[in-house]
Amino acid sequence: MTKFLEECDMEKLSKVLYQIGINEVGELYRDIPEEVLLKGELNLPEPLEEMDLENYIYSVLEKNRTQGEFLVFLGGGLPPHYVPATVDTITSRSEFYTAYTPYQPEISQGMLQALFEYQSMICDLTGMDVANSSMYDWATAVAEAIRMAIRVKGNKKILVGANVGPERKKVIRTYLEPLDMEMVEVKYLQDSGRLDLSDLEEKAEDACCLYIENPNFFGVLEKEASKVSEIVHAKGGLFVVGADPISLALVKSPSEYGADIVVGEGQILGGGLNFGGPALGIFACKSDPSLVRQIPGRIIGMTTDLANTQRAFTMVLQTREQHIRREHATSNICSNEALMAVGALTYLALLGSKGLRKLALETYNKAHYASKVLSELKEVNAPYFSGEFFQEFAINFKNKRLEEVIKGLVAKKIVPGIMLESDFPELKNTLLSCFTEVHKEADIDIFVKALKEVIS
Amino acid sequence: MSSYIVPEDLRYSKDHEWVRIEGSIAIVGITDYAVKSLHDIVYVSLPKIGSTIPKGLVAATVESIKAVSEVYNPISGTVIEVNKDLETSPEKINESPYEAGWLFKLNPTNLKEDIEKLFSSKQYLEYLSSLKK
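The listed protein sequences correspond, in order, to chains A and B. Heads up: the first sequence at position 51 corresponds to 51 in my numbering, and the numbers run straight through without jumps. Heads up: the second sequence at position 2 corresponds to 1002 in my numbering, and the numbers run straight through without jumps.
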């Protein structure tokens, strides 16, 4: 900082210092305790010319192995999907890219309308009545849904399917930590991979909610979700469902089987994988009065201007939020993923309902092709669970060590999937593989051929 | 001087709540001054029936579009009834803060003492004019 100022006109600088009442620039930092003050220079290398710096950076980046070089079959909540160029064209428009929170509706109608349309599409997909304009990601969206259920119902116990994503479970626990709450897992059936309904019956008493995923973490579709809903509601709890938004073009919407709140990962709607993020938390619920005012996050509503002549959009129900309610707000979230939501809107608008269904069907077909070919291999048990699946399924390698198999495949430029054992110790040597529209049949054939070589 | 309605037969708190005594029951609401400060009320959150709320604690909240106002219980008591009409028609508070817009009814636990500590209508009017300065 002082080096920069040394370049400044010293006369001007001394005038400024005089105005603010100090003798030297160092005095601006006098609140920093002596013992933590940096003395001397930072341990940085000498500056480089721009061209040399660029070369250096590229040489470091060269050490990365990127997705383009590998065949990747990773899912686990973030399946790969193609990102059309149009999405980036729209989101890179500075009007969207640089926009801040639309607190001033009169100058933010474009962004507000885009977010309202996004909310409408989420309602269409999930069958819910109200959607917010996004949360940070799927995991925090679930945690917020559960906190919401706790506020609405007040019981001390929440239920989570044992077959939901491990990262989601961890974040739920984090959000429950300050509360005196019990999180109980509902078992899954070892054969189908679906939720164990009799275990749910036993545990449902006094629970404020149940959270399941559909398809679940093992890729299996919870075909008995209506029955699950009945059990949960009979005991007075709320039914929270985590759904893959693309699967919703093909399978029943959660509203059809009684969900009260729906959450999910919107990053797959045109967001791209991007080394993990940014993500897009989907959050929607039924328009029950006891629920709507407990929703976290920003909600955009449609109204008219004061003259009642034009349609206009604005943030609504703001009295739930931080900037008005402070510590009594429904959540500590004070932002959203607006740009990601605009990207998702673009993606969905581009595909339309027919296109999205086609995409979902292609994904489903690819996964089922892979499953069929793999099921012919005697050395593996695929698909490991008998339950109907959407885009992912588990593959059990019997007595072969999965780490060795993966090593062998990576050497052949294939990343075959996720090892389940670390989060599900009962699933030894079991892999979770994901197949979507981005995988050509030829890619899947290469995968299976390489797999045969590695395990023989 | 006062453009605010302040019925004579009620008692008032500094936080602009009013109390009407009907036999052994106390009825609580917010004053015309409070309502005019809040503008359009869009939502009311009322206390649980059966809950015992000490004087001075938050008993209800009243929401306009941009603000939330806490309603402090003016006299200690147990809630025996809440105005269910306000669930669907919160605007009743704006239209009729002292009649149709009542908030909740209490079984007072310390009536004589608590009532004495509240303003009479005259005292409340004086209090309101002091606020204007």
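Since the hints were derived computationally from the structure, they do not count as laboratory data. Hints may be right or wrong, so weigh each one.
Straight-line Cα separation of at most 25 angstroms, DSS-like style, residue types lysine-lysine; simulated pairs [said to hold, decoys possible]: (1) A/Lys-153 with B/Lys-1112; (2) B/Lys-1048 with A/Lys-286; (3) A/Lys-157 with B/Lys-1048; (4) B/Lys-1036 with A/Lys-286; (5) A/Lys-440 with A/Lys-413; (6) B/Lys-1048 with A/Lys-153; (7) A/Lys-378 with A/Lys-354; (8) A/Lys-39 with A/Lys-63; (9) B/Lys-1112 with B/Lys-1036; (10) B/Lys-1132 with B/Lys-1084; (11) B/Lys-1122 with B/Lys-1048; (12) A/Lys-372 with A/Lys-428; (13) A/Lys-358 with A/Lys-378; (14) A/Lys-252 with A/Lys-156; (15) A/Lys-223 with A/Lys-39; (16) A/Lys-156 with B/Lys-1048; (17) B/Lys-1112 with A/Lys-235; (18) A/Lys-354 with A/Lys-407; (19) A/Lys-227 with A/Lys-252; (20) A/Lys-156 with A/Lys-286; (21) A/Lys-428 with A/Lys-452.
Note that the coordinates shown come from a computational prediction; the quantities given were computed from them, not determined experimentally.
Okay, the hints, checked on the actual structure:
{"no.": "1", "hint": "A/Lys-153 with B/Lys-1112", "verdict": "37 angstroms, violated"}
{"no.": "2", "hint": "B/Lys-1048 with A/Lys-286", "verdict": "24 angstroms, holds"}
{"no.": "3", "hint": "A/Lys-157 with B/Lys-1048", "verdict": "22 angstroms, holds"}
{"no.": "4", "hint": "B/Lys-1036 with A/Lys-286", "verdict": "34 angstroms, violated"}
{"no.": "5", "hint": "A/Lys-440 with A/Lys-413", "verdict": "16 angstroms, holds"}
{"no.": "6", "hint": "B/Lys-1048 with A/Lys-153", "verdict": "14 angstroms, holds"}
{"no.": "7", "hint": "A/Lys-378 with A/Lys-354", "verdict": "39 angstroms, violated"}
{"no.": "8", "hint": "A/Lys-39 with A/Lys-63", "verdict": "35 angstroms, violated"}
{"no.": "9", "hint": "B/Lys-1112 with B/Lys-1036", "verdict": "30 angstroms, violated"}
{"no.": "10", "hint": "B/Lys-1132 with B/Lys-1084", "verdict": "34 angstroms, violated"}
{"no.": "11", "hint": "B/Lys-1122 with B/Lys-1048", "verdict": "32 angstroms, violated"}
{"no.": "12", "hint": "A/Lys-372 with A/Lys-428", "verdict": "22 angstroms, holds"}
{"no.": "13", "hint": "A/Lys-358 with A/Lys-378", "verdict": "33 angstroms, violated"}
{"no.": "14", "hint": "A/Lys-252 with A/Lys-156", "verdict": "31 angstroms, violated"}
{"no.": "15", "hint": "A/Lys-223 with A/Lys-39", "verdict": "65 angstroms, violated"}
{"no.": "16", "hint": "A/Lys-156 with B/Lys-1048", "verdict": "19 angstroms, holds"}
{"no.": "17", "hint": "B/Lys-1112 with A/Lys-235", "verdict": "45 angstroms, violated"}
{"no.": "18", "hint": "A/Lys-354 with A/Lys-407", "verdict": "40 angstroms, violated"}
{"no.": "19", "hint": "A/Lys-227 with A/Lys-252", "verdict": "14 angstroms, holds"}
{"no.": "20", "hint": "A/Lys-156 with A/Lys-286", "verdict": "23 angstroms, holds"}
{"no.": "21", "hint": "A/Lys-428 with A/Lys-452", "verdict": "20 angstroms, holds"}
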